[in-house]
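Engineer: At position 77 of the sequence shown (counting the first as 1) the number is 76 in numbering that gives the first Met the number 0, and the numbers step up by one without a gap.
Just so you know, these hints were derived from the structure itself, not from any lab. The structure displayed is predicted, hence computed values, not measured ones. We put the beta carbon where it would ideally sit given N, CA and C, even for glycine. Watch out, some of these pointers could steer you wrong.
Said to hold, decoys possible - DMTMM-like, lysine to aspartate or glutamate: derived pairs with alpha carbons at most 20 Å apart:
hint : residue 1 : residue 2
1    : Lys45     : Glu35
2    : Lys45     : Asp21
3    : Lys12     : Glu42
4    : Lys55     : Asp21
5    : Lys12     : Glu35
6    : Lys55     : Glu8
7    : Lys12     : Glu56
8    : Lys45     : Glu9
9    : Lys11     : Asp21
10   : Lys12     : Glu73
11   : Lys12     : Asp31
12   : Lys11     : Glu56
13   : Lys3      : Glu56
14   : Lys55     : Glu42
15   : Lys11     : Glu73
16   : Lys45     : Glu4
17   : Lys3      : Asp21
As the list claims (entries may be wrong) - If you anchor each label on the Cβ, the simulated ranges turn out as follows:
hint : residue 1 : residue 2 : range
18   : Ile62     : Ile6      : 32 to 38 Å
19   : Arg7      : Arg66     : 32 to 38 Å
20   : Ile13     : Gly43     : 26 to 32 Å
21   : Gln29     : His78     : 19 to 25 Å
22   : Glu9      : Glu57     : 17 to 23 Å
23   : Asp31     : Lys3      : 24 to 30 Å
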Amino acid sequence: MISKEEIREEQKKINRLRTLVDLTISIILQGDLPIERAQRLVEGVKNQAIALFPGKEETFELIYRPRFNRAIMERYGLH
């Protein structure tokens with residue numbers, strides 16, 4: 000059985016990742032970054048996500064990659 004402490008720790012990690020994703024998307028949309036820098040930021044978030052949730056790279060690709068791709072497409076006028 001999972002303890003309340005384990006649940007709290009998992010929730011902290013989820014919240015941390017959510018905040019990191021949201022802030023990075025804001026930086027991409029509002030910043031004046033070259034597209035290459037924006038793409039490196041996304042890879043940095045992916046690395047953090049994998050560090051927080053080892054073995055969940057596919058989950059990142061399914062959930063977060065599309066959000067980042069949409070932000071980059073919107074910001075840099077890609078279609």
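Engineer: Does each hint hold? Answer for all of them.
Structural biologist: Consistency of the hints with the structure:
1. Lys45 to Glu35: holds, 15 Å
2. Lys45 to Asp21: holds, 13 Å
3. Lys12 to Glu42: holds, 18 Å
4. Lys55 to Asp21: Satisfied, since the Cα-Cα distance of roughly 19 Å is no more than 20 Å.
5. Lys12 to Glu35: With Cα atoms ~27 Å apart, lysine 12 and glutamate 35 exceed 20 Å; violated.
6. Lys55 to Glu8: Since the Cα atoms of lysine 55 and glutamate 8 sit roughly 17 Å apart, the hinted pair holds (cutoff 20 Å).
7. Lys12 to Glu56: holds, 15 Å
8. Lys45 to Glu9: holds, 17 Å
9. Lys11 to Asp21: holds, 15 Å
10. Lys12 to Glu73: violated, 28 Å
11. Lys12 to Asp31: violated, 29 Å
12. Lys11 to Glu56: Distance ~19 Å between lysine 11 and glutamate 56 Cα, so the pair holds.
13. Lys3 to Glu56: violated, 26 Å
14. Lys55 to Glu42: It holds: about 14 Å lies between the C-alpha atoms, which stays within 20 Å.
15. Lys11 to Glu73: violated, 30 Å
16. Lys45 to Glu4: Outside the cut-off at roughly 26 Å; violated.
17. Lys3 to Asp21: violated, 27 Å
18. Ile62 to Ile6: 32 to 38 Å: violated, 20 Å
19. Arg7 to Arg66: 32 to 38 Å: Roughly 26 Å apart at Cβ, these two residues miss the hinted range, so it is violated.
20. Ile13 to Gly43: 26 to 32 Å: Violated - the Cβ-Cβ distance for isoleucine 13 and glycine 43, about 18 Å, lies outside 26 to 32 Å.
21. Gln29 to His78: 19 to 25 Å: Holds - the Cβ-Cβ distance for glutamine 29 and histidine 78, about 20 Å, lies within 19 to 25 Å.
22. Glu9 to Glu57: 17 to 23 Å: holds, 18 Å
23. Asp31 to Lys3: 24 to 30 Å: About 45 Å separates the Cβ atoms of aspartate 31 and lysine 3, which means 24 to 30 Å is violated.
In summary, the structure is inconsistent with hints 5, 10, 11, 13, 15, 16, 17, 18, 19, 20, 23 from the numbered list given earlier, while agreeing with the others.
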